[in-house]
Each structure stands twice: as structure tokens, then as C-alpha cells.
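Asker: In case you want the letters, here they are:
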Amino acid sequence: MHSKTKDIALGAVLTALALGLSVMENLFPVTAAIPLPGVKLGLANIVTLFALYELGALPALTILIARCLLASLFAGNFSALLYSLMGGVLAMLVMIGLKQCRRLSVFGVSIGGAAAHNVGQIAAACITLGDTAVIGYLPVLLGVSLITGTLTGFIASLLFRAMKNVHLSH
Amino acid sequence: MKSKSSPKLRPTFFDAIVVVLVAALALGSAWWFYGGLGRSGPATYIITHQGQEIARGELRQPREITVEGQYHLQIVCDGESIAVTHSDCPTQDCVRTGRATHPGQSIVCLPEQVVIKLVGSGSGPDLVIG
Amino acid sequence: MKTKYIPLLLALLLLLTGCGARQPEATRQIFAMDTVMDLYAVGEDAEALLTEAAQEINRLESLLSRTRAGSDVSILNETGTAQLSDETAALLDAALHYADITGGVFDVTIAPLVEAWNIHGENPRVLTGGEIAALLPLVGSHHLRLSGAAATLDQGCAIDLGGIAKGYASDVIARLYRDGGMTGGWISLGGNVYAHGTKPDGSFWNVAVRDPMDAAATAAMVQLSNQFAVTSGGYQRYFTAGDGTVYQHILDPKTGIPAMSDLLSVTIVCGNGTMADAYSTALYVMGEAGAVSFWSANRAEFDMILITADHRLLYTPGLAGRVTTEEGGAYEVQVLS
Chain A
156 MHSKTKDIAL
166 GAVLTALALG
176 LSVMENLFPV
186 TAAIPLPGVK
196 LGLANIVTLF
206 ALYELGALPA
216 LTILIARCLL
226 ASLFAGNFSA
236 LLYSLMGGVL
246 AMLVMIGLKQ
256 CRRLSVFGVS
266 IGGAAAHNVG
276 QIAAACITLG
286 DTAVIGYLPV
296 LLGVSLITGT
306 LTGFIASLLF
316 RAMKNVHLSH
Chain B
377 MKSKSSPKLR
387 PTFFDAIVVV
397 LVAALALGSA
407 WWFYGGLGRS
417 GPATYIITHQ
427 GQEIARGELR
437 QPREITVEGQ
447 YHLQIVCDGE
457 SIAVTHSDCP
467 TQDCVRTGRA
477 THPGQSIVCL
487 PEQVVIKLVG
497 SGSGPDLVIG
Chain C
260 MKTKYIPLLL
270 ALLLLLTGCG
280 ARQPEATRQI
290 FAMDTVMDLY
300 AVGEDAEALL
310 TEAAQEINRL
320 ESLLSRTRAG
330 SDVSILNETG
340 TAQLSDETAA
350 LLDAALHYAD
360 ITGGVFDVTI
370 APLVEAWNIH
380 GENPRVLTGG
390 EIAALLPLVG
400 SHHLRLSGAA
410 ATLDQGCAID
420 LGGIAKGYAS
430 DVIARLYRDG
440 GMTGGWISLG
450 GNVYAHGTKP
460 DGSFWNVAVR
470 DPMDAAATAA
480 MVQLSNQFAV
490 TSGGYQRYFT
500 AGDGTVYQHI
510 LDPKTGIPAM
520 SDLLSVTIVC
530 GNGTMADAYS
540 TALYVMGEAG
550 AVSFWSANRA
560 EFDMILITAD
570 HRLLYTPGLA
580 GRVTTEEGGA
590 YEVQVLS
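Line by line, the protein sequences are chains A, B and C. For the first sequence, the tail end lands on 325 under this note's numbering, and the numbers increase by one without skipping. For the second sequence, the tail end lands on 506 under this note's numbering, and the numbers increase by one without skipping. For the third sequence, the tail end lands on 596 under this note's numbering, and the numbers increase by one without skipping.
Just so you know, these hints were derived from the structure itself, not from any lab. Hints should not be assumed to be uniformly reliable.
On the chain B side, residues computed to face chain A include the following (Cβ under 10 Å) [said to hold, decoys possible]:
#1 L385
#2 L403
#3 P438
Simulated crosslink set (SDA-like; lysine to any residue; CA at most 25 Å straight-line) [claimed, not checked]:
#4 B:K384 <-> A:G298
#5 A:K254 <-> A:L240
#6 A:K159 <-> A:L213
#7 A:K159 <-> A:A221
#8 A:K161 <-> A:R316
#9 A:K161 <-> A:N320
#10 A:K319 <-> B:F390
#11 A:K254 <-> B:Q468
#12 B:K384 <-> A:L248
#13 A:K254 <-> B:V396
#14 A:K254 <-> A:R316
#15 A:K161 <-> A:A212
#16 A:K319 <-> A:Q255
#17 B:K384 <-> A:K159
#18 A:K159 <-> A:A171
#19 B:K384 <-> A:G211
#20 B:K384 <-> A:R316
#21 A:K254 <-> A:L182
#22 B:K384 <-> A:T287
#23 B:K384 <-> A:R257
#24 C:K513 <-> C:G530
#25 B:K384 <-> A:L165
#26 B:K384 <-> A:F309
#27 B:K384 <-> A:G252
Computed far set for chain A versus chain B, every beta-carbon distance over 10 Å [as the list claims (entries may be wrong)]:
#28 K159
#29 A221
#30 S227
#31 M241
#32 A280
In this text, a Cβ means the ideal position worked out from N, Cα and C, and glycines have one as well.
Work out the full structure, taking the sequences as your base and the hints as a guide.
Answerer: Right, dumping it as C-alpha cells:
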């Protein structure tokens with residue numbers, strides 16, 4: 156059975172979940188441990204990853220953009236929108252690409268996405284600051300993305316295991 | 377029934393390739409950014425605010441600089457290092473970054489768009505005439 | 260991960276670090292032409308290139324020095340006639356051209372006055388009006404005649420290539436850098452600068468122009484690649500007479516006394532080292548108004564940075580984006596148009 160209403164409802168639930176996660180992760184700023192702008196756990200990426208596999212590329216992208224817009228609205232901080240959008244969209248594109256490679260597990264896709272997210276954020280910072288000095292952070296951020304990507308990949312794998320016999324939209 | 381795309385849930389060898397690629401990108405960008413700095417002379421700091429250079433000076437000359445904008449940053453150069461000692465920006469990343477002492481290091485405050493860059497022979501004078 | 264892939268990983272890392280290999284570089288300091296010269300070259304065989312450059316400088320000095328016996332210039336000054344080397348002849352020809360175009364403000368026949376004032380020497384002294392009046396008629400490029408490589412000089416006259424020889428040497432060395440395939444580097448021949456290629460990171464060379472009022476400070480920074488820059492200013496060398504009057508070292512060929520310029524320094528930036536050397540001195544003597552109108556008439560040939568006695572720093576639009584000055588610095592910055 157295919158229901159449009161169900162898709163919309165599911166999309167909304169996932170968006171809300173992603174939003175909740177990104178708000179939650181602001182309560183535990185990783186930057187306290189690693190004082191670099193833009194270091195995040197990227198918990199919301201779990202939802203993106205999940206949506207990508209369960210619903211497909213287009214719905215996942217829609218959820219991502221909705222999440223970015225709403226998060227910046229909630230935070231009242233529109234300058235952050237460019238960062239999250241550039242990071243998020245680049246991460247999405249990379250994950251869509253990596254997903255095509257059937258031999259990659261959810262870990263590889265997640266790590267690739269996390270790395271792409273940071274590259275996108277650095278690019279956004281270069282644009283808004285008009286300065287390439289922030290590229291100096293890229294090596295560290297990429298290193299951190301190996302850890303955060305593995306972590307989100309691990310959580311996502313638990314999620315997929317739990318959802319194995321649940322059919323959401325098909 | 378359409379089968380949903382079920383991801384592999386255990387790490388595979390190919391995941392390691394992704395890891396290696398990301399690590400390679402990290403090292404590559406590190407080399408690209410820091411490799412060209414070369415010989416380090418006396419460090420010079422360059423402070424830009426919203427893309428405009430607002431201060432430049434030698435690290436060994438102590439100085440205090442305040443940046444007034446939407447937020448207020450207190451930057452202190454103590455003769456050996458430079459740091460944002462106080463800021464009322466929401467992220468506080470610039471303050472937590474701590475002290476910068478060597479060419480190539482930088483301190484960034486994204487909310488106020490302030491970049492403090494330390495440069496060595498890279499952007500200081502290579503030679504003097506006159 | 261299986262252990263057999265570890266060598267693969269290591270090989271990949273090695274490949275990355277291999278990119279870090281730097282090009283050879285070399286530095287050299289030479290004392291010649293009455294000044295200190297610093298040379299820095301980046302590229303294959305940089306060391307050998309600088310050895311060759313040092314030999315070239317010595318060769319040029321032995322041709323162009325006024326104080327070295329047997330040089331083309333010495334022979335001409337002593338005997339009034341000389342069969343010059345092609346190189347000296349070409350340089351004298353250029354000097355005559357610059358004398359012509361600057362209306363005699365740059366003049367190599369100023370040697371008798373330079374010698375009498377002796378500002379560069381050990382015993383500088385203030386000339387009397389009578390002495391100056393006696394020497395002035397000896398100055399003027401009509402006293403020097405050049406026919407191919409044969410030169411003649413009128414009785415009592417002398418030439419001094421001090422205002423152009425280092426610039427010419429910088430041209431010669433710049434050619435060595437280019438032909439030798441250097442990727443970067445710079446030379447500073449007593450203030451005659453040539454910046455070659457780019458830095459290893461691809462950026463231009465930063466040349467700091469000294470603050471005439473504070474030797475430890477920089478008035479402006481200019482970014483150069485494959486260009487020459489020369490600064491002239493009275494502050495570089497001067498002597499203080501018994502009555503406290505300061506006489507700086509650049510003589511005005513028209514008056515026979517040190518130039519009373521309203522400029523503190525003139526920096527010429529262009530693609531020709533000899534021209535940069537000649538013009539920097541000439542425009543300093545001309546003063547602000549003269550320098551600006553000279554540039555207006557010859558703007559395709561060079562760019563310049565003028566620092567005035569009333570604390571302004573003027574530069575030509577060709578340097579826009581390549582000149583940086585400290586905000587709130589000692590000078591009010593203006594771009595010429």
C-alpha cells in the first residue's frame with residue numbers, strides 16, 4: 156500500500172526528530188572539548204541517513220532542508236543557515252553517491268557524509284568570512300568526522316536492526 | 377512487494393577505504409594549508425573583521441585590541457601569543473581556542489566574523505626597501 | 260581490517276607526504292658597488308645560479324665603477340675618451356635617454372658635484388656659491404657624446420653611474436633568474452629590488468617600503484612578482500653641517516645643491532630595473548608636483564609610491580590591491596588618478 160498522507164506524516168515525524176536531535180546536541184557542545192567552530196556530533200545525521208535508506212534520496216533531502224530552515228528559525232540565527240545548508244546538502248550528495256556502492260556498510264556512508272558535512276561548512280565559512288584561514292581547521296574537523304561519523308553510523312545500524320521487520324512506507 | 381534497500385550493518389573492508397580517503401583528505405589539506413608556510417620568521421598577526429583588515433602587527437609587540445560590532449571581542453597580544461580574552465558572542469569558540477603562538481595558527485569568531493591570523497614570513501615582508 | 264591492506268595504506272600516506280618535498284633554495288650576501296646585496300633564489304641549482312650572479316655583479320662593477328682603475332667609466336673620466344664595452348655603451352645610451360626624458364633631472368654627468376660635496380664619502384662639506392657656480396657648467400648630458408661604443412667626454416667633466424648601475428645589475432640578475440628557471444626568489448642590491456616568480460605557496464612577494472620617519476617601521480607593503488622596485492629618499496644618507504643644516508645625498512643637477520624635495524621618498528615599481536633606479540632619483544628631485552605630472556605623461560611605463568613631507572602616501576592605480584598600509588598609520592593614503 157502506498158499512501159501519500161503516510162509519507163507526509165512520516166516526513167514530518169522524521170523532521171521533528173532531526174530537529175529535536177540538533178537542538179539536543181546544542182546542550183552538549185563538543186566545542187567545550189574541541190574548541191573549533193563547527194565541531195558537532197551530527198546526531199541529526201542519523202535521521203538523514205535513515206531517511207535516505209528508508210524513503211529515498213528526494214524525501215531525505217526535503218527533510219534535511221526543512222530541518223535546517225526550522226533549526227535556524229528556532230535559534231533565530233540565520234547566518235548559521237548557510238553553514239548547515241552547505242554542510243547538509245554536500246553531506247547528502249556524498250551519501251547518495253556512496254549508497255550506490257552496495258559494498259559499503261552504513262558506517263562507510265555515515266563517515267563519508269560526516270566528512271562532506273565538514274567540508275561544506277568550511278566552504279561556507281570561507282564564503283562568509285571572505286578568508287581562507289578557516290581551511291586550517293579542515294584537517295582537524297575531518298579527523299573528528301571519522302569519530303562522529305562512526306558514532307552516528309553505529310547508532311544508525313542499531314536503528315536499522317531494530318526496524319528490520321517494520322515497513323514504514325512500502 | 378517492493379523490497380526496501382537494506383543497508384549492510386557491519387563495517388566492511390570498503391568502509392575502510394572511505395576512512396582512508398577521509399584521512400588522506402585531512403592530511404592533504406593539512407599539507408596544502410600548513411606546508412607552504414615554510415620558514416617561520418617573527419610572526420605577524422592580521423585581524424580581519426567582516427572581511428576588512430582592522431589590525432596588523434608583530435606578535436612581539438604587546439597590544440590590546442577591541443572589536444566592536446554586534447558582539448564585543450577583547451583581543452590581547454602579550455608579546456608571545458595572541459588570544460581572544462573576552463567575547464560576548466554566543467559560541468565562545470574564539471575564547472576557547474586559546475592562545476595562538478605560531479605562524480599558520482588562527483582564531484576565528486564566526487558570529488562576529490573576526491579572523492585572527494598569525495603569519496610568518498608568509499605574509500610579513502620578505503624584504504625591505506628604502 | 261585485514262593486515263594485508265596495511266602496506267597499501269602506508270603507501271598511500273607516503274605518497275601524500277611525498278608531495279611535501281620542497282624545491283632547493285639558496286641565499287647569498289655580497290658586498291659590492293658600495294652597498295650590501297642580498298640574493299635569494301628558489302629552484303633547481305639555485306646555489307649555482309647565485310654563484311653566477313655574484314660573478315656577474317663583480318664583472319659589472321669592474322666595468323661601471325668610478326673608483327676602480329681600468330673600468331670603462333674610469334678610463335672615460337680620466338682620458339675623456341674611451342672605447343666602451345657594448346654593455347657600458349648600452350647603459351650610457353639608456354642614461355642619456357633618461358636624462359632627456361626627465362629634462363636633465365637625472366644626469367650621470369653630475370659626478371664633479373657629487374665628488375665635491377662628498378656626501379657619500381668621509382669628509383662631506385658644504386660648497387660655497389662660487390664653488391657651485393664653477394662646477395655647474397660641467398654638468399649636462401651634452402658633455403657626453405656616444406657613437407656606437409666610442410664615448411667622448413668634455414674637459415673637466417666626469418660621469419658617475421651610481422644612480423643607475425645597481426638598477427642595471429638587477430636587470431642582469433633578473434635575466435639570470437628567468438633563464439635559469441628559478442621558480443621564485445628576490446634580490447636586493449642596496450635597495451634595488453627585483454622579485455622573481457612567486458613564493459612556494461603561489462603568492463606574491465611582500466616588499467616592505469621603509470617608513471622614512473622611522474627606520475624600524477614600514478610605511479607600506481607592496482606585493483610584487485616579476486617586477487622591480489627601487490626607493491630613493493633623502494633620509495637614506497645625509498650629513499649635518501656645522502650650523503645644523505641637514506644636507507641629504509641626492510643632488511639636484513639644476514642647482515648643484517642637495518634637492519629640496521617636498522617628498523620623503525619615492526618608490527618606483529616597473530618591469531625595468533635600470534629605469535626604476537633612474538626614475539626613483541629623478542622623481543625625488545622633481546618633488547610631488549613634478550613627479551605626479553611626470554607619471555601622468557608616462558603612466559604606461561611605471562607605477563610609484565610617493566611619501567610626502569606633509570605625511571601623505573600616494574600611489575598609482577596600477578598598484579591598487581597590491582599596496583597595504585596600516586590603518587591609523589603615520590600617513591594619509593591617497594590613490595592617484
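Asker: For every hint, state whether the structure bears it out.
Answerer: Do the hints match the structure? See the list:
The beta carbon of L385 (chain B) is positioned within 10 Å of a beta carbon in chain A (closest approach about 4 Å), and the interface hint is therefore held. Checking L403 (chain B) against chain A by beta carbon gives a least distance of about 7 Å; that is within 10 Å, so the hint holds. Annotation: P438 (chain B) was flagged as interfacial toward chain A, and the flag is violated, the nearest CB pair being 23 Å apart, outside 10 Å. For the given pair, K384 (chain B) sits about 24 Å from G298 (chain A) by alpha-carbon distance, which is consistent with the 25 Å threshold.
Between K254 (chain A) and L240 (chain A) the CA atoms are separated by roughly 20 Å; this keeps the pair inside 25 Å, and the hint holds. With a C-alpha separation of about 14 Å, the suggested pair K159 (chain A) and L213 (chain A) falls inside the 25 Å cut-off, and the hint holds. At most 25 Å may separate the alpha-carbon atoms for a hinted pair to count; K159 (chain A) and A221 (chain A) meet this at roughly 18 Å. For the given pair, K161 (chain A) sits about 22 Å from R316 (chain A) by alpha-carbon distance, which is consistent with the 25 Å threshold.
At most 25 Å may separate the alpha-carbon atoms for a hinted pair to count; K161 (chain A) and N320 (chain A) meet this at roughly 18 Å. This hinted pair checks out: K319 (chain A) and F390 (chain B) have alpha carbons roughly 23 Å apart, not beyond 25 Å. With a CA separation close to 37 Å, the supplied pair K254 (chain A) and Q468 (chain B) exceeds the 25 Å bound. For the given pair, K384 (chain B) sits about 19 Å from L248 (chain A) by alpha-carbon distance, which is consistent with the 25 Å threshold.
Restraint check for K254 (chain A) and V396 (chain B): satisfied, since their Cα atoms lie roughly 17 Å apart, inside the 25 Å limit. Under the criterion of a C-alpha separation no larger than 25 Å, the hint pairing K254 (chain A) with R316 (chain A) is consistent with the structure, at around 18 Å. A C-alpha spacing of about 17 Å is found between K161 (chain A) and A212 (chain A), which places the hinted pair at or below 25 Å, so the restraint holds. Pair hint K319 (chain A) plus Q255 (chain A) holds up; C-alpha atoms about 20 Å apart against a cutoff of 25 Å.
For the proposed pair K384 (chain B) and K159 (chain A), the alpha carbon gap of about 28 Å is over 25 Å, so the pair is violated. Proposed proximity of K159 (chain A) and A171 (chain A) is supported: the alpha carbons are some 18 Å apart, at most 25 Å. For the hint pairing K384 (chain B) with G211 (chain A), the CA-to-CA distance comes to about 16 Å; that is within 25 Å, so the pair holds. Between the alpha carbons of K384 (chain B) and R316 (chain A) the distance comes to roughly 10 Å, so the proposed pair stays at or under 25 Å and holds.
Proposed proximity of K254 (chain A) and L182 (chain A) is contradicted: the alpha carbons are some 31 Å apart, above 25 Å. Pair hint K384 (chain B) plus T287 (chain A) does not hold up; C-alpha atoms about 38 Å apart against a cutoff of 25 Å. In summary, the hint linking K384 (chain B) to R257 (chain A) is supported, as the alpha carbons are separated by about 8 Å, within the 25 Å threshold. Our distance criterion of 25 Å between C-alpha atoms is broken by K513 (chain C) and G530 (chain C), whose separation comes to about 28 Å.
Only pairs whose Cα atoms come within 25 Å are accepted, and K384 (chain B) paired with L165 (chain A) is accepted, the gap being roughly 23 Å. For the hint linking K384 (chain B) to F309 (chain A), the alpha-carbon distance of about 12 Å falls within 25 Å, and the restraint holds. For the given pair, K384 (chain B) sits about 16 Å from G252 (chain A) by alpha-carbon distance, which is consistent with the 25 Å threshold. Against the 10 Å criterion, K159 (chain A) stays outside the reach of chain B, whose nearest CB is about 16 Å from its own CB.
No Cβ of chain B comes within 10 Å of the Cβ of A221 (chain A); the nearest lies about 22 Å off, and the non-interface call holds. With 10 Å as the threshold on Cβ separation, the claim that S227 (chain A) sits away from chain B holds: the shortest Cβ distance comes to roughly 13 Å. For M241 (chain A), the requirement that its beta carbon stay farther than 10 Å from each beta carbon of chain B is met, with the minimum near 13 Å. Here A280 (chain A) does not stay apart from chain B, with its beta-carbon only about 7 Å from theirs, under the 10 Å limit.
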